[in-house]
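Take a look at the letters that make up each chain.
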Amino acid sequence: MRSLLADLFYRNAGAAPDKEAVWCDGRSVTYREMAELVSRYSNLLLSLGAAYGDHIAIPMNNSIESVALFFSAADLGVCVVPLNPSLPPEAVRTAMKAGDVKHIIARRAFFAECEKSGGLDITGFAISLDRDYPGTIPFEKIYEMSAERPDIDYDVNGSESLILTMTSGSTGTPKPIDISQKNKYDRSMAHIRVYGITVDDRILAATPLYHSLAERLVILPLIIGATSVLLPRFTPALWLKCVEEQKPTFTIAVSAQLAQILETLKQPDAPAITSFRSIVSSSALLEASVKYELIDLLKCEFHEMYGASEVSTVTDICFQDSRDKQSSVGKPFDEAQVRILRDESESDFDTDCAPYEVGEIAVKTALQCKGYYKQEAMMKAAMFGDYFRTGDLGYLDEDGYLYFSGRKKELIITGAVNVYPHDIDVVIGRLPEIEECAAFSYPDERLGEVVALAVVEKEEQEINVRALRTYCARNLADFQQPHLIFKLDRLPKNTMGKLQRMAILDYIRTSGIKEC
Amino acid sequence: MDEIRDTILEFIEREYKLPDDVDYDNFDYIANGYVDSMGLVQFVAILEDDFDIEFSKEELFSGEFRTIGGLERLIREKTENRE
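Keeping their order, the protein sequence lines are chains X and Z. The numbering of the first sequence is my numbering, which starts it at 1 and goes up by one. The numbering of the second sequence is my numbering, which starts it at 1001 and goes up by one.
Quick caveat, the hints were computed from the structure, so don't treat them as lab data. Hints may contain errors.
As the list claims (entries may be wrong) - Below are the DSSO-like pairs computed for lysine-lysine, each with C-alpha atoms no more than 27 angstroms apart in a straight line: (1) X:Lys-487 <-> Z:Lys-1017; (2) X:Lys-141 <-> Z:Lys-1057; (3) Z:Lys-1017 <-> X:Lys-241; (4) Z:Lys-1017 <-> X:Lys-116; (5) X:Lys-487 <-> X:Lys-498; (6) X:Lys-241 <-> X:Lys-182; (7) Z:Lys-1017 <-> X:Lys-514; (8) X:Lys-116 <-> X:Lys-97; (9) X:Lys-370 <-> X:Lys-325; (10) X:Lys-247 <-> Z:Lys-1017; (11) X:Lys-331 <-> X:Lys-182.
Said to hold, decoys possible - Now the stretches of chain X that chain Z is said to cover, found in silico as 3 or more residues with beta-carbon under 8 angstroms: (12) 317–324; (13) 468–475.
Since the model is a prediction, treat every value here as computed from it, not as a measurement. We treat Cβ as the ideally placed atom computed from N, Cα and C, and that holds for glycine.
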């Protein structure tokens, strides 16, 4: 075997060359065409000097070419570092440094934006995906490449890094989640088993490909010979149109999307959706009423899962099969074991919670990532023995079902995107008129949560809110933008002077402070 | 193309290129997912700063703001009025 994922893909292409492999944005490719594209991509990378173990960054959009890059990387034993295309240049440079990036593939506008603020430190090649840009190689060169799978004279054993997912990174130390090809394969196989996915399924991915969920949803169908339906941009109407036309049978959606889809589905002119046999909700708990209405309208099996990028899916529940466990996120996959850890300050030794006692959810699983790339200490700090501390709170019942209660770590999840508030604090805290500031989670009907910002002005200084918004727009990524800004006289802190981020919302509400 | 359209397109096409046959005047870039609710906050702040203008709440929720042509007109009116 040469490459776990690429071998399976090429085998499927050989067995059913005319079958539809991927649909995206009105374009569809067969397995034969996809195999040719993957091969051309590999030949392009090799011709430009990509070597085994090299890291290639790409501000990634959802496209057939992006999917091809994953398989090409798997075939050559190189690693893809997908970036959110809205990251500002400073965050891009930080992420690229943390991910040991040698080469880059990006759009012309991205190179131009980075050039404005000092450029990128690239020691390898740079490919421009759209228009020409000085110092880059045009992506069109791919069509001059051979469509034959290239021969390589080294082994790809599957334990190499295949994808580094950046979890944080405007400032400070990003945590690149290191996923090997073997990780991706094992995770795919676990999902295929649990959800009974077959070669006849059409699997919809409707989240960005720079997140692990969509990566899983496009890799999985291609290694079993099924079809991937990739939605390029999400709005509830675009999702419904895609589902109506492409008739997917399975998807894992994020709960914030499902809540918006339900609203659109309830409109009188909404199409009837009948193609799904199974839908899984992930990322955050779905409100019970949303869940029941969706089950009623979509008439398919409805699951909820719990997981994290570091450990993949941990638990799953099918609601039609578990009527008496409706508020649970389910039982662990066969690969996983869950413990609920009591706060260490209360007990030094007996750290397991009793049934129904809330503690931190910790997971031991065969699906765990390789670690945080070159951040061994950070990964070690996240572990409790063999168990990964998720930073989430929950409890188990007497039957081993897991219930999610909230988050322990300071994290804002907006439209299923994890936002680390400290990254925002650091960038905004650089402004001279700010004494202190803190980003925090604010409830939002559409996105679940949005980023809000509390700022304290320095004495005799005034913050110009418009200038502050402009500064945010220029120096933070789109998902980090504060939707609401509040001026406070002080930030809530404990007696040790530590910021109580979770208390800011209460403080604002009880003090009657209005948005600026 | 002028500066206003260039600035709008630079942001809208950050991730995805618009279709070749796009009708700029009537293309609803929000309904077509080119700018989502997170990107919109950033987009508005950048436009206001680049052109030294301010959008009212009504303008932000108007149909005009949602199309490339409409947004272009809106910005042009505001910059001309300022002059």
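Quick rundown of the hints versus the structure:
1. X:Lys-487 <-> Z:Lys-1017: 39 angstroms, violated
2. X:Lys-141 <-> Z:Lys-1057: Violated - the C-alpha atoms of Lys-1057 (chain Z) and Lys-141 (chain X) are around 47 angstroms apart, more than 27 angstroms.
3. Z:Lys-1017 <-> X:Lys-241: Roughly 20 angstroms between the alpha carbons, so the hint for Lys-1017 (chain Z) and Lys-241 (chain X) holds.
4. Z:Lys-1017 <-> X:Lys-116: This hinted pair holds, its Cα atoms lying about 21 angstroms apart.
5. X:Lys-487 <-> X:Lys-498: 19 angstroms, holds
6. X:Lys-241 <-> X:Lys-182: 35 angstroms, violated
7. Z:Lys-1017 <-> X:Lys-514: 39 angstroms, violated
8. X:Lys-116 <-> X:Lys-97: Distance ~19 angstroms between Lys-116 (chain X) and Lys-97 (chain X) Cα, so the pair holds.
9. X:Lys-370 <-> X:Lys-325: It is violated: about 33 angstroms lies between the C-alpha atoms, which goes past 27 angstroms.
10. X:Lys-247 <-> Z:Lys-1017: 25 angstroms, holds
11. X:Lys-331 <-> X:Lys-182: 24 angstroms, holds
12. 317–324: violated (count 0)
13. 468–475: holds (count 5)
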